[in-house]
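Trainee: Each chain, letter by letter, is given below.
2 protein chains.
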Amino acid sequence: MTYCVGMVLDKGLLFMSDTRTNAGLDNISTFRKMTVWETPGECVITLMAAGNLATTQAVVSLLDERSKSPEERKPSLLTAPSLFQAVRMVAETLREVIEQQGSGGLRADSTFNATLIVGGQIAGSPPRLFMIYPEGNFIEAGRDTPFFQIGETKYGRPILVRAYDPAMSFEEAMKLLIVSFDSTLKANLTVGAPFDYHFYETDSLKRGAQGRIEQDNPYFQAVSKGWGDALKEALDSLPAFSPARR
Amino acid sequence: MTYCVGMVLDKGLLFMSDTRTNAGLDNISTFRKMTVWETPGECVITLMAAGNLATTQAVVSLLDERSKSPEERKPSLLTAPSLFQAVRMVAETLREVIEQQGSGGLRADSTFNATLIVGGQIAGSPPRLFMIYPEGNFIEAGRDTPFFQIGETKYGRPILVRAYDPAMSFEEAMKLLIVSFDSTLKANLTVGAPFDYHFYETDSLKRGAQGRIEQDNPYFQAVSKGWGDALKEALDSLPAFSPARR
Numbered sequence: 001m002t003y004c005v006g007m008v009l010d011k012g013l014l015f016m017s018d019t020r021t022n023a024g025l026d027n028i029s030t031f032r033k034m035t036v037w038e039t040p041g042e043c044v045i046t047l048m049a050a051g052n053l054a055t056t057q058a059v060v061s062l063l064d065e066r067s068k069s070p071e072e073r074k075p076s077l078l079t080a081p082s083l084f085q086a087v088r089m090v091a092e093t094l095r096e097v098i099e100q101q102g103s104g105g106l107r108a109d110s111t112f113n114a115t116l117i118v119g120g121q122i123a124g125s126p127p128r129l130f131m132i133y134p135e136g137n138f139i140e141a142g143r144d145t146p147f148f149q150i151g152e153t154k155y156g157r158p159i160l161v162r163a164y165d166p167a168m169s170f171e172e173a174m175k176l177l178i179v180s181f182d183s184t185l186k187a188n189l190t191v192g193a194p195f196d197y198h199f200y201e202t203d204s205l206k207r208g209a210q211g212r213i214e215q216d217n218p219y220f221q222a223v224s225k226g227w228g229d230a231l232k233e234a235l236d237s238l239p240a241f242s243p244a245r246r
Numbered sequence: 001m002t003y004c005v006g007m008v009l010d011k012g013l014l015f016m017s018d019t020r021t022n023a024g025l026d027n028i029s030t031f032r033k034m035t036v037w038e039t040p041g042e043c044v045i046t047l048m049a050a051g052n053l054a055t056t057q058a059v060v061s062l063l064d065e066r067s068k069s070p071e072e073r074k075p076s077l078l079t080a081p082s083l084f085q086a087v088r089m090v091a092e093t094l095r096e097v098i099e100q101q102g103s104g105g106l107r108a109d110s111t112f113n114a115t116l117i118v119g120g121q122i123a124g125s126p127p128r129l130f131m132i133y134p135e136g137n138f139i140e141a142g143r144d145t146p147f148f149q150i151g152e153t154k155y156g157r158p159i160l161v162r163a164y165d166p167a168m169s170f171e172e173a174m175k176l177l178i179v180s181f182d183s184t185l186k187a188n189l190t191v192g193a194p195f196d197y198h199f200y201e202t203d204s205l206k207r208g209a210q211g212r213i214e215q216d217n218p219y220f221q222a223v224s225k226g227w228g229d230a231l232k233e234a235l236d237s238l239p240a241f242s243p244a245r246r
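Protein chains in written order, with this note's numbering: chain P, 1 to 246; chain V, 1 to 246.
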């Protein structure tokens with residue numbers, strides 16, 4: 001499984017992804033699931049992927065090759081006139097790869113599906129965030145749903161729903177995501193540290209703060225340990241149940 | 001879907017279940033999923049069910065009929081020598097019903113599966129809590145896993161994992177369960193109020209506090225609204241992320 005979150009904030013876009021890949025429970029490895037493309041001053045695009053690793057790696061490699069040789073017939077991601085067109089390109093590549101892997105050759109029990117989160121900014125337009133389904137269609141985040149989750153979305157969702165605030169700073173949003181990732185990590189063995197993050201600052205048109213949080217990162221450990229106590233205090237602050245108030 | 005939790009506390013056993021049943025998203029109804037049998041002074045057994053409603057109702061009806069006419073050939077739930085034997089009886093009945101519904105007759109797209117939580121006390125033994133799988137085998141709660149969830153278990157799990165404490169009073173445990181149910185309710189349309197609860201007090205050998213919490217229950221509303229603020233405060237109490245501490 002996988003857990004990735006992309007989030008629209010007033011100050012920019014925040015992305016976080018785990019790195020665990022598993023083929024069965026007895027075969028796990030660490031793979032980066034986040035890719036950032038940029039042409040400073042023009043365009044920054046971040047992609048996160050959940051699903052079949054061969055599919056998502058093929059999609060990223062194809063997009064990568066095509067953005068490095070812009071003379072190729074296929075259009076390049078980094079020269080797309082708008083983020084909408086860039087996302088269409090990614091979606092088309094995804095559909096192409098799934099079709100190729102699914103037709104002919106050996107059949108696998110599991111599917112070749114993948115779900116992607118793509119967000120960024122192209123000069124002249126505001127930052128945008130999209131989620132692409134395996135079928136190649138996609139949706140854009142809006143005010144009502146300002147974040148997307150892919151992979152194991154359930155355990156980490158309640159805290160996002162309750163505590164998300166578009167006015168959050170990068171540091172506050174990172175804290176929120178780390179709590180959400182920690183809850184998921186504690187419940188699903190197929191989601192695992194380290195976590196990669198990228199914060200794209202609105203109108204910067206260049207890579208923002210980027211890094212990797214390892215399992216033994218002191219900040220991660222402090223939040224993970226502190227969150228249990230903080231939750232207990234939160235619960236204590238609510239009135240106790242009394243049958244009389246039924 | 002469904003959401004039920006059974007929990008072992010120092011002071012007794014706490015059970016809570018939702019009441020939403022759905023056949024598709026456009027066909028929902030309210031059904032009680034909790035049944036309590038008792039012979040005061042001798043035996044109290046609580047059963048909660050998730051899964052195919054026809055299956056779970058058949059299981060409860062069969063157990064009910066058999067416990068009302070103890071002269072019937074089949075053994076009665078309320079005369080079982082131990083809770084382990086009572087649970088074996090329930091599991092056997094479940095297997096019987098699934099087998100009957102699954103063989104012959106029209107085939108349904110969905111399965112006739114059901115998962116049960118059964119807990120209680122029989123005079124002379126301590127209270128015990130079990131979870132029965134559709135296959136008819138079952139597991140017992142222990143110190144390491146002192147609660148069972150069935151149905152939509154994911155959204156409501158992180159708070160249980162973090163805040164459960166065996167020393168909690170009935171009132172505190174109710175608060176915890178209401179928060180867990182509220183998180184689930186907010187995320188999955190097929191889990192819905194009202195919620196039924198039963199608190200069995202250790203060694204009382206009679207029904208304990210029992211009731212139903214409606215959606216518009218003032219306490220439920222207060223906790224649901226207060227929890228968002230409490231969570232935000234909990235998050236605020238943790239240190240903010242700083243890339244320097246990576």
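Rather than coming from a laboratory, the hints here were simulated on the basis of the structure. Worth double-checking, as some hints may not be accurate.
A pair holds if it fits inside one copy or across any two, identical chains being indistinguishable in the list.
List of simulated lysine to aspartate or glutamate pairs, DMTMM-like, C-alpha gap at most 20 Å [what the hints assert, rightly or not]:
1. K206 / D10
2. K186 / D229
3. K225 / D236
4. K186 / D64
5. K225 / D144
6. K225 / D10
7. K232 / E171
8. K206 / D144
9. K68 / D216
10. K232 / D165
11. K68 / E233
Trainee: Hint by hint, note whether the structure agrees.
Mentor: Hints, one by one, checked against the model:
1. For the homomeric pair K206 and D10, the shortest alpha-carbon distance inside one copy (17 Å) is at most 20 Å, but the shortest distance between copies (57 Å) is not.
2. Taking the shortest alpha-carbon separations for K186 and D229, only the intra-copy value of 16 Å comes in at or below 20 Å, while the best inter-copy value is 24 Å.
3. In this homomeric assembly, K225 and D236 come within 20 Å of each other (Cα to Cα) both inside a single copy, at 18 Å, and across copies, at 15 Å.
4. In the homo-oligomer, the alpha carbons of K186 and D64 never lie at most 20 Å apart, since the shortest distance is 34 Å inside one protomer and 40 Å across protomers.
5. In this homomeric assembly, K225 and D144 come within 20 Å of each other (Cα to Cα) only across copies, at 19 Å, whereas the closest approach inside a single copy is 32 Å.
6. Taking the shortest Cα distances, K225 and D10 never come within 20 Å of each other, neither inside one copy (29 Å) nor across copies (25 Å).
7. In this assembly of identical chains, the alpha carbons of K232 and E171 lie at most 20 Å apart only when taken from different copies (15 Å versus 23 Å within one copy).
8. Taking CA atoms no more than 20 Å apart as the test, K206 paired with D144 passes in neither setting, with 27 Å inside one copy and 49 Å between copies.
9. In the homo-oligomer, the alpha carbons of K68 and D216 never lie at most 20 Å apart, since the shortest distance is 36 Å inside one protomer and 59 Å across protomers.
10. Taking the closest pair of Cα atoms, K232 and D165 come within 20 Å of each other only across two copies (10 Å); inside a single copy the shortest separation is 22 Å, beyond that limit.
11. Taking the closest pair of Cα atoms, K68 and E233 never come within 20 Å of each other, the shortest separation being 52 Å inside a single copy and 47 Å across copies.
Violation of the numbered hints given earlier is confined to hints 4, 6, 8, 9, 11; the remaining hints are satisfied by the structure.
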